[in-house]
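Peer 1: Going down the list, the sequences are from chains A and B. Numbering follows the working numbering, in which position 175 of the first sequence is assigned residue number 175; successive positions increment by one, without gaps. If you count the second sequence from 1, you need to add 1000 to reach the working numbering.
Treat each hint with caution, since some may be false.
Said to hold, decoys possible - Within a straight-line C-alpha distance of at most 16 Å, the following computed EDC-like cross-link-like pairs (lysine to aspartate or glutamate) qualify:
| hint | chain 1 | residue 1 | chain 2 | residue 2 |
| --- | --- | --- | --- | --- |
| 1 | B | 1099 | B | 1066 |
| 2 | B | 1126 | A | 196 |
| 3 | A | 66 | B | 1066 |
| 4 | A | 156 | A | 104 |
Note that these hints are calculated values from the structure, not bench results.
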Amino acid sequence: MQPIIDFPHSMWISQHTVRFAFNDEISHTNFCAVQAFSQFLKKQLRHHLVESVASYHTVTAYVKQKIDIVPLRTQWLEMQASTNEGTNRLLKIPVCYDEEFALDIQRVMDFTGLSFEDIKTVHMSKSYYVYLIGFLPGFPYLGELDSKLFVPRLKKPRVAVSASSVGVGGGQTGIYPVDSPGGWNIIGKTPLDLFDVNGKEPFLFALGDEVQFYEVTKQQFWEMKSKGV
Amino acid sequence: MKPLLLVTKQGVYGSLQDQGRYGYRSFGIPLSGPMDKVSFQAAQQILQNHPDQTSFEMFVGGFEFEALSDGMYVLTGGHCTCLVNNDPIEMWKTFRLTKGDQLAIKSVHQGSIVYLTPLGGFYTKKELGSSSCLPLGNLGTSITKGSILYGQITSPLTYNRGLYAPYRPTFLSTISVRIFKGPHFHLFTEESQRQFLHNPFQFIGGNRMGYYIKGPVLQLHEMQDILSEATQFGTIQVPQSGDPIILMADAQTVGGYPIIATVHEGDLHKVAQMRTFNTIQFALEEA
Chain A
1 MQPIIDFPHS
11 MWISQHTVRF
21 AFNDEISHTN
31 FCAVQAFSQF
41 LKKQLRHHLV
51 ESVASYHTVT
61 AYVKQKIDIV
71 PLRTQWLEMQ
81 ASTNEGTNRL
91 LKIPVCYDEE
101 FALDIQRVMD
111 FTGLSFEDIK
121 TVHMSKSYYV
131 YLIGFLPGFP
141 YLGELDSKLF
151 VPRLKKPRVA
161 VSASSVGVGG
171 GQTGIYPVDS
181 PGGWNIIGKT
191 PLDLFDVNGK
201 EPFLFALGDE
211 VQFYEVTKQQ
221 FWEMKSKGV
Chain B
1001 MKPLLLVTKQ
1011 GVYGSLQDQG
1021 RYGYRSFGIP
1031 LSGPMDKVSF
1041 QAAQQILQNH
1051 PDQTSFEMFV
1061 GGFEFEALSD
1071 GMYVLTGGHC
1081 TCLVNNDPIE
1091 MWKTFRLTKG
1101 DQLAIKSVHQ
1111 GSIVYLTPLG
1121 GFYTKKELGS
1131 SSCLPLGNLG
1141 TSITKGSILY
1151 GQITSPLTYN
1161 RGLYAPYRPT
1171 FLSTISVRIF
1181 KGPHFHLFTE
1191 ESQRQFLHNP
1201 FQFIGGNRMG
1211 YYIKGPVLQL
1221 HEMQDILSEA
1231 TQFGTIQVPQ
1241 SGDPIILMAD
1251 AQTVGGYPII
1261 ATVHEGDLHK
1271 VAQMRTFNTI
1281 QFALEEA
């Protein structure tokens, strides 16, 4: 049985915005709490909820009118006692780490003292979760990165990072959804599109998804790219 | 749909906006929609349009158009001189353009944002459920010189409608804006908290994403990083410089700067219509 997650601290941000906060930290425990609470709100507030935005430690609910928070407390405890949900979607994401795409690999090698091969291995060695989406449309902040790969962001952000570039910055890894300026250390590129407004599913990632990276060669990269998989 | 207007001169910045793009904030897509909802909604009501029709939003005027077909319009928002074939016309009241007419939006005297709305609204492709333009996400259509604005086929109104002058909003050079305490208010020094609530700030510039204001430098008790969390139209965040930024209609969905307060939804239009060097003062309300 899962330990019971305390009801988060609630606060009205404006007339139609209420913020629920868990502990002030980036952690897997918080991630699970935030995910469970987001699902809970979707169910409990379905008639009142416009949408919600989750972060590392908060769930912010945009509601049609003021709601009573008090009943949610008991409902939250009841829900946790009765269900054991929490199945995340697993996405396997191909990445080409070829030098052509891994623009900052030298910098990452210098900072970490790891070889090119080690960096790839460590980056692919674990599952990540989409902790946050923001900064750009569909930009996933994936945590948590192995501490061996911690590299500060570029002092001077690049003027242009091409869409689908895979980067590391601080304790996280992420993928640029659109061409944009950016300061993450770029170590590869995925052949997948993250944001396609005309696609059936406009966004590749959703909050809470589990993500695993696997390596593809440059040839495979271009094959996948041309097939549009 | 039919072509209504050709943009013959481009102003500072103009974009098509409907009520906004709801339902995608958890994917990092800003809400967008009108900066000044009051003037936007007034336009739809005057024309008896559906409230979610599309208007053309212009910053400080400067735009000129040529009518490609006959149509009925209304101009709302900041007070400006508007000319049809060089003759001034009244804002907040419907007017007609016949094919070949020239419409010019000149300088704005009061406020800073003007809405041009045709009967039935402008027509543009909806993306993710909205026709609002968001350049950062390549969503919507950018309007520049040479662009054509399309309209819906509508049955014409046979009479003019408008808003009587006493009901039109006025945009003052000094505004008081209601705010609610933000989640990080307590992290600021007591002096900064007091200064924020009692000192005036000056608007120094901005765009649809954020407005920069300057006043006393606001400081935290101790330097610390804040975990990113949800932000919205009206969020007042304070980066390390200590100068607050009020996030506007194209606000990023999450942000990592301390949030000192959030603007009351009923006062956002006043903030939106500020002009450079206007004064803004905050009044605390209980959320």
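Peer 1: All hints, please: hold or fail.
Peer 2: Okay, the hints, checked on the actual structure:
no. : hint            : result
1   : B/1099 / B/1066 : 8 Å, holds
2   : B/1126 / A/196  : 14 Å, holds
3   : A/66 / B/1066   : 46 Å, violated
4   : A/156 / A/104   : 13 Å, holds
Hint compliance for this structure: hint 3 is the single one not met.
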